[in-house]
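**Q** Here are the chains, one letter per residue:
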Amino acid sequence: MKANLKYILSWLAVMVLGFALIDVLILGGVIDTFIENMLVTIGINIILATGLNLIIGFSGQFSLGHAGFMAIGAYATAIITQYWSTELGFIISLFVGMALAAIIAAIIGTATFIRLKGDYLAIATLGAAEIIRNVINNLKITGGSSGMFNIPQLCSWPTVYVLVCITTVVLLNFIRSRDGRAIKAVREDEIAASAMGINTTKWKLAAFVLGGVTAAIAGSLHASYLQTIAPSDFGIMESISILVIVVLGGVGSMTGTFLAATVLGVLDTVLQNFGSLRMVIYAIALILIMIFKPSGLLGNWEFSFKNLFARFTKKKEARS
Amino acid sequence: MHLLQVDHVVRKFGGLTAVNDVSLHLDDQELVALIGPNGAGKTTLFNLLTGMIPVTSGKIVLNKNSQSYDLTKESATKIADLGLSRTFQNIRLFKDLTVMDNVLTAMTNKYHEGFMTAILRLPNFYQTECEMRVAAEKLLAIFNLTANANTLAKNLPYGTQRRLEIVRALATRPQILFLDEPAAGMNPEETADLTQLIKYIQTEFKITVLLIEHDMSLVMNLAQRIYVLDQGQILATGTPEEIKVNPKVIEAYLGEGDE
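Chains as they are written, first to last, in the numbering used here: chain A, -6 to 313; chain B, -9 to 249.
Because the hints were derived from the structure by calculation, they are not lab data. Fair warning: this is a prediction, and the values are worked out from it, not measured in the lab. Backbone N, C-alpha and C fix where the C-beta goes; we use that ideal spot for every residue, glycine too. Fair warning: there could be bad hints in the mix.
Taking beta-carbon pairs under 8 angstroms as the criterion, some of the chain A residues facing chain B (in silico) [stated by the list, open to error]:
| hint | residue |
| --- | --- |
| 1 | Lys(-1) |
| 2 | Ile24 |
| 3 | Asp25 |
| 4 | Glu29 |
| 5 | Gln220 |
| 6 | Thr221 |
| 7 | Gly228 |
| 8 | Met230 |
| 9 | Glu231 |
Pairs of lysine to aspartate or glutamate, EDC-like flavour, derived with a Cα cap of 20 angstroms [to be verified]:
| hint | chain 1 | residue 1 | chain 2 | residue 2 |
| --- | --- | --- | --- | --- |
| 10 | A | Lys195 | A | Glu183 |
| 11 | B | Lys63 | B | Asp86 |
| 12 | B | Lys85 | A | Glu295 |
| 13 | B | Lys144 | A | Asp112 |
| 14 | A | Lys195 | B | Glu64 |
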């Protein structure tokens, strides 16, 4: 416990300093509304992609339905805060979205994980997300295909920042525990894992549900910050663009996901000056990174203060 | 009553009968070997006993702590939980995990951390984690793997990977350990070490061991009883001395001496 206090405090310091830095830059006028928008989008993408990385990179299950869970969170917030437009209403809508996503992820997971894996699972999850989207498209309460607008803006960049920190800490602590090891064992070798008494379906489901819940959080933030949502926002392309972040950063590296979400977010914003050439340059950048770094920007490398401190003490010893 | 009772087990793959009416039993703290030519159905029998594949017909019963468990239709997970652990002929380690994590993973069901305890990193979490590590280090020390604790499993030499598989199987705290060709690919010296090691863990952990092996020096030195399997059927059973001179076994598997 005491030995770990150092690392916990280091992480806490990073989070507080990051917050203070953004705050000062906004007060100083360096970050305008345009850049603030970019930062919020990056934050939401980080929550989405770290959740998907848990499913793909750590439990080894290929899911293409992440946008479906995002839609659940987004619509939960949009509907609830229209009637109850206070901060408390937003927080409650956040939890409602998470609970709904958990239940639906559990149903989809139970139906698919027992029999399917790999490409087949990807198609099944893609289908499940399309079902969610089509249900939303045809309901009255969700505003049909035109979507919902004038959603009260009840979250700002600090809300997003805090939720990025919370989801990341939850996911990382989960991965670095008994449960996380069981999930990685399922990814490595299902037969060996079951011979060790690990219930493979149960642990795949756990990762899938947790990933779905984080996507719902991102959806809630998306709806409340952008104030407009439509079913077309949560289609296959959204699932794919989350997948791109995960693959680009490195499947199985949360640090990589952070880096990729940031790089792509900045790239996207900078390229807006290039007009129609934007998507071409974006696509070329993706192809180049995949050719020269096929395992993603960081592979499965993970930043840790423990290793950093260990390196410093080694250097010190070498000098003295 | 025997610890593990296998009655008339049959397994068919389409038209092929891989295991044909096999009955055998294992007693508490016994060291038994299963030998036979390639394709005799030895590994298939292991897969049946550990629930990896379902039996076509027959019955498998575990008698443990004066209770009877019917394993015939149980899942591999449940069977592993009941104390039957195994290694694999074609090594199946968690390749991208460290040696330590491979062992810790096998302890998953023996320790409970709880989701919230792990997420919030409550003091309990560090305590459980510490207990698991101490237990894992003890096992690694027995198998001389302490120095490799932080190596990725895929980077270990072949013989060491085989040893790690045994450690991992032991980490589930089994009552019966199934070893599928533990000495495959080892040189005579390594095989001799392994023979000592298997004897040691069997007495130290007070477990029953059933092993498949082609290396007769290991089998004859270790086994208290031997089952000979040929074309899916039990050809002979007995002590090493009896098996060595059994004419049917010599014809089907052991072969005549060169002299």
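**Q** Determine which of the earlier numbered hints do not hold for this structure and return their numbers in increasing order.
**A** Those not satisfied are hints 1, 2, 3, 4, 5, 6, 7, 8, 9, 11 and 13.
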